[in-house]
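Dock chain one against chain two, each of which comes alone in its own frame, and use the hints as you go.
Take a look at the letters that make up each chain.
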Amino acid sequence: MAAIEILGLEKTYKIGFWRKRPKHALYPLQLTVEDGEIFGFLGPNGAGKTTTLKLLMGLVYPTAGSARILGREWTDPSVKAQIGFLPEQPYFYDYLTAHELLEYYGQLSGVPAKQRKQRVDQVLHQVGLRDVQGLQLRKFSKGMLQRVGIGQAILHDPKLVFLDEPMSGLDPMGRREVRDLMEELKHQGKTVFFSTHILSDAEALCDRVAIIHKGELRGVGRVEDLTSTIQGKVEIIWQGTQVPAAIKAMVAECHVSGDRVRVIVEENQQDMVIDILRRERQRLVAVIPVRTSLEAYFVEKLRRAETTAGSTI
Amino acid sequence: MRARIAHIASNTFREAVRDRVLYNLIAFVLLLSGAAVLVGQISIEIEKLVVINLGLTAVSLFGVVIAIFIGIGLVSKEIEKRTLYTVLSRPVRRWEFIIGKFFGLAGTLVVNTFFMAIGVFGALFYVSHKFVRADALILVALYFIILEFIIICSLSLLFSSFSSPLLSAVFAFSLFVIGSFAEDLRNFAGMAHGMSRWLATGAAYVVPNLSAFNIISSIAHEQPVAGQLVLQNTLYALFYASMALSGAVLIFERRDLK
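So the protein sequences, as listed, match chains A and B.
Taken in order, the first sequence gives residues 49 to 361; the numbers are from the numbering used here.
Taken in order, the second sequence gives residues 31 to 288; the numbers are from the numbering used here.
For reference, chain B alone in the conformation it holds in the complex (with noise of 0.2 Å):
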């Protein structure tokens, strides 16, 4: 069982690559090398702050879509162009082909995100020639960063697993969009009466709460995470994930391959 996972993890993975998914890391590399000159020449006192925001944001923005327009294809297009039917008649139980999906795309962006934050890093000891102890929390930042990854992955496997790439994109970017003003929508869930609270409360509480991953502004700050949010957040991107994957495991497990 755990074998084959691992194979369909690591053919989804030599799919990303090949497909040459990691393309963008030469995006983003030109991306952060051109605002770490420019900064370096117009900011003053703030060249940091400025590479750690844009850097940061970058490799969250890049994973994102990655993340969903890979995401968006890994069930359907295997419908559409029936690759699926190869791999099913043999003894892989559909719930390992969703799963064996879902490590792929998350082990691509994981080492997307190495590459990207060794960018930062570098972009950073451009600007201030130094590292510092607070720099390190730059990690913490990038594995939230990773935590939110997993959660659109999920996001995009359920989608996929029902629907068109075209829907799944819609759906998976629009809950990207409202789960990063999650809290908002929770202040106005507390905010309002009637029906409107009821709606917005529940709305709250099954988009995924991404504005809780993004802690980029405070690290750029210097402010300390506390364990406390680490814990919490990781426990939330696994239970959030897995009742995403088990969704999608669902609908796919009932579904006819026409």
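Only chain A is shown next, with the shape it has when bound in the complex (with noise of 0.2 Å):
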């Protein structure tokens, strides 16, 4: 069963004193999430991502379209008691504690009063915000604040987490433990549906990622699949602190660092790069074929969407 199936969502603002201006927020969408996957929702900044997980939480209506979450219509009350949502930059009662904001979600996801207080603490400590849960989050820092978001979401043990930019405000620790945790739901069945625009998370992180600019879907698939594109070159790493000079002759990058010598080849000279190493008794220690990045992907994407949009006009 497909976890999220979008079907068609569309939403179109009116713009303008008159409200007669259309502006397109999300051109028609269709898109589906497996169970159990994690996946990643990758744009630039203003590309539609918040506004699709706007329209999935309920929290604005679309123009068109629906979707299925968990096998319900996404309109469904039912189907929020599943789900999980981190809204980017969020904000929370600043009264309250982190013990009290989270002990009040969890009244409001109806998690039983008798789990509740056990299922807190868990919580704060998986987050790391044991020690400060009896402070007031109006002192709480910005990554502070977006622990306390990923708590808010995972509280009631969802089989669905979505989490709009969870990275954002994070120092790189706190980035680190925000990839393991979603790991973590990962080897916990649950399927997460994140939002970002920092290429390096979703390489690491996702099964599937999707690529949306300007409202529109560019593209959808496996990291492994849009990465697979072998650009013809390979990356021969051996130990050593300098590259012979047949060598030297052949590559277009040499790096050396520390006792390690990285060079860059053609396929067809790997071979030969090979066999000079060998006669110079130089120990090899790894041949990879370079493969592109999902960021050289992603630019590449929005290059040929700006190039569409130009020659259109």
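Be aware that a few hints might be false.
Claimed, not checked - Label pairs and their in silico Cβ distance ranges: (1) B:55 <-> A:219: 41 to 51 Å; (2) B:192 <-> A:71: 13 to 23 Å; (3) A:129 <-> B:248: 48 to 58 Å; (4) A:338 <-> B:192: 16 to 26 Å.
Said to hold, decoys possible - So, partial list: chain B residues that the calculated Cβ filter (under 7 Å) puts toward chain A: (5) 34; (6) 41; (7) 45; (8) 48; (9) 107; (10) 111; (11) 113; (12) 115; (13) 116; (14) 119; (15) 120; (16) 121; (17) 286; (18) 287.
Unchecked claim - One-sided and incomplete, this derived list gives chain B residues near chain A with beta-carbon spacing under 10 Å: (19) 36; (20) 44; (21) 49; (22) 52; (23) 112; (24) 122.
I should point out that these hints are in silico values taken from the structure, not numbers from a laboratory.
Quantities reported herein were computed from a predicted structural model and do not represent experimental measurements.
Ideal Cβ placement from N, Cα and C applies to all residues, glycine included.
Here it is, written out as structure tokens:
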């Protein structure tokens, strides 16, 4: 069963003084997210990521289209008991403490009173806020608020978690923890749908990604498939501190770092370089085909979209 | 459903308490005790009249100010600060949110009025040194003041569901002022002719008839209150508040939370 099926969801706002000028925030979107996968929704700022999430959460109403979440209509209120949502740059009731806030959200999500206290303590520990649980949120830093946000999204043990820019505002350690948490959620069999413009996070975490730009879907696929285009080059790494002259003449890129040398050569030169290294009695460490990075794929997609839009005009 | 409304109401009450709304009680106590001491020294025979008039009017005004200034931000502030996103992404219906907020604010005002009532009776005892049977009528006046708060709360919420806090404050305060003179507006409608008569009659029935809730002066003069008026005012307040809340729900249900 698909966790999310977006069936032509579309959003157009009316802008201007008389609200007559249409502004397309999202063109008809067709997308399926499978159960148990980490799905990355990528796009630059203003691409339509947050609009899509707001449509799925029922915070804004679609101009057309519909969606199914966990096999039910997305407007079915019972669906919401099984989903968690972290908005972008979350802001919470700052007069509450972290413990009180999670307790409140637990009540609203229908977590039974007996389990609630235990669950709140568990989540506070999980997001690293146990020591500050009695502090009012108005005294929290941006990173700490982001942790509270993640906590409230997973508090009621949802089957599906929507995270809008979850790494935003976090330091490297915090980002690492969120990545670990998302992987843990996947191991627990949950589906994670997250939007981001940080491509390294998506590359490291996602089973599949979708790229959206100016409200239009530009591509969907498995990260391996999108980045599998071999560029016809290989990266060769060996132990050493110097590049033999014969290799130096051949390679376009070469880097020496510590006791490792890394060169990038054309695929048809691979055997020649390895033969030279054997002759020179160098210790070969790795031979890796150079693949397109997700970033390169993303930039290419956006560039193509810009070109198409330009030629249309 | 009821549990969710209760949780939202209790959180709204907690917000008011933590935002030090109940600190107005200190100002109220200072005002009333100062007035009691003062009238005790300068008034002859009318100390009680002055204390009841001043005390109940202060209860009403303090409460109306709280009802308007908290009520106008109940929805718009949540949208502006985006605290609503994490609430409505849970199994909470939009109408439950509105009703919960209403009960939270109404509850805050009832608690506030309870403590102010203690202050009024304290000041009364200070100036007259005893309670008489007619003093119980003050409870009826306080009940009417609470009914008035219920109407103002629902109107503030209605405006808050589609307008900015500033405009909501202007609308709510204007309706409070016009509503306080609703009886005069109805009299004017009765005397007017043609288009003015239609407009004045329409306005007189749309604005809340708050003048019917003001019995402070007659209570101060120990005049009895008819049971029919109590019933009539209760039904009117419940009907008016229900209409205003229904309007708030209808608007909020259709609103995009951008």
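So, going through the hints one by one against the coordinates:
A hinted range of 41 to 51 Å holds for the C-beta pair residue 55 (chain B) and residue 219 (chain A), which are about 44 Å apart. Checking the proposed 13 to 23 Å range against residue 192 (chain B) and residue 71 (chain A) shows it holds: the Cβ atoms sit about 21 Å from each other. Restraint check, residue 129 (chain A) to residue 248 (chain B): a C-beta distance of roughly 53 Å satisfies the suggested window 48 to 58 Å. The hinted range of 16 to 26 Å is not satisfied by residue 338 (chain A) and residue 192 (chain B), whose Cβ atoms lie roughly 57 Å apart.
The interface hint given for residue 34 (chain B) is met, as the beta carbon of that residue sits about 6 Å from the closest beta carbon of chain A, less than 7 Å. This hint holds: residue 41 (chain B) has a C-beta 6 Å from the nearest C-beta of chain A, less than the 7 Å allowed. The interface hint given for residue 45 (chain B) is met, as the beta carbon of that residue sits about 6 Å from the closest beta carbon of chain A, less than 7 Å. The interface hint given for residue 48 (chain B) holds, since its Cβ lies 4 Å from the closest Cβ of chain A, which is under the 7 Å cut-off.
Evaluation of the residue 107 (chain B) hint against chain A yields a violated restraint, the C-beta minimum of about 11 Å exceeding 7 Å. A least Cβ separation of about 5 Å between residue 111 (chain B) and chain A falls short of the 7 Å threshold, and the interface hint therefore holds. With its C-beta approaching chain A no nearer than about 6 Å, residue 113 (chain B) sits inside the 7 Å limit, and its interface hint holds. Checking residue 115 (chain B) against chain A by beta carbon gives a least distance of about 4 Å; that is within 7 Å, so the hint holds.
A hinted interface residue such as residue 116 (chain B) counts as satisfied when its beta carbon comes closer than 7 Å to some beta carbon of chain A; here the least separation is about 6 Å, so the hint holds. Below 7 Å, beta-carbon pairs count as interface contacts, and residue 119 (chain B) has one with chain A at about 4 Å; its hint therefore holds. The closest approach between the C-beta of residue 120 (chain B) and any C-beta of chain A is roughly 5 Å, which is under the 7 Å cut-off, so the hint is satisfied. Annotation: residue 121 (chain B) was flagged as interfacial toward chain A, and the flag holds, the nearest CB pair being 4 Å apart, inside 7 Å.
Annotation: residue 286 (chain B) was flagged as interfacial toward chain A, and the flag holds, the nearest CB pair being 4 Å apart, inside 7 Å. The closest approach between the C-beta of residue 287 (chain B) and any C-beta of chain A is roughly 4 Å, which is under the 7 Å cut-off, so the hint is satisfied. Contact between residue 36 (chain B) and chain A, as hinted, is supported at the beta carbon level, the nearest pair being about 9 Å apart and thus within 10 Å. A least Cβ separation of about 7 Å between residue 44 (chain B) and chain A falls short of the 10 Å threshold, and the interface hint therefore holds.
With a cut of 10 Å, the hint placing residue 49 (chain B) at the interface with chain A holds, because the nearest CB-to-CB distance is about 6 Å. Checking residue 52 (chain B) against chain A: minimum C-beta separation of about 13 Å lies over 10 Å; hint violated. About 5 Å separates the beta-carbon of residue 112 (chain B) from the nearest beta-carbon of chain A, less than 10 Å, and the hint is met. Given the 10 Å rule on beta carbons, the hint for residue 122 (chain B) holds: about 6 Å separates it from the nearest Cβ of chain A.
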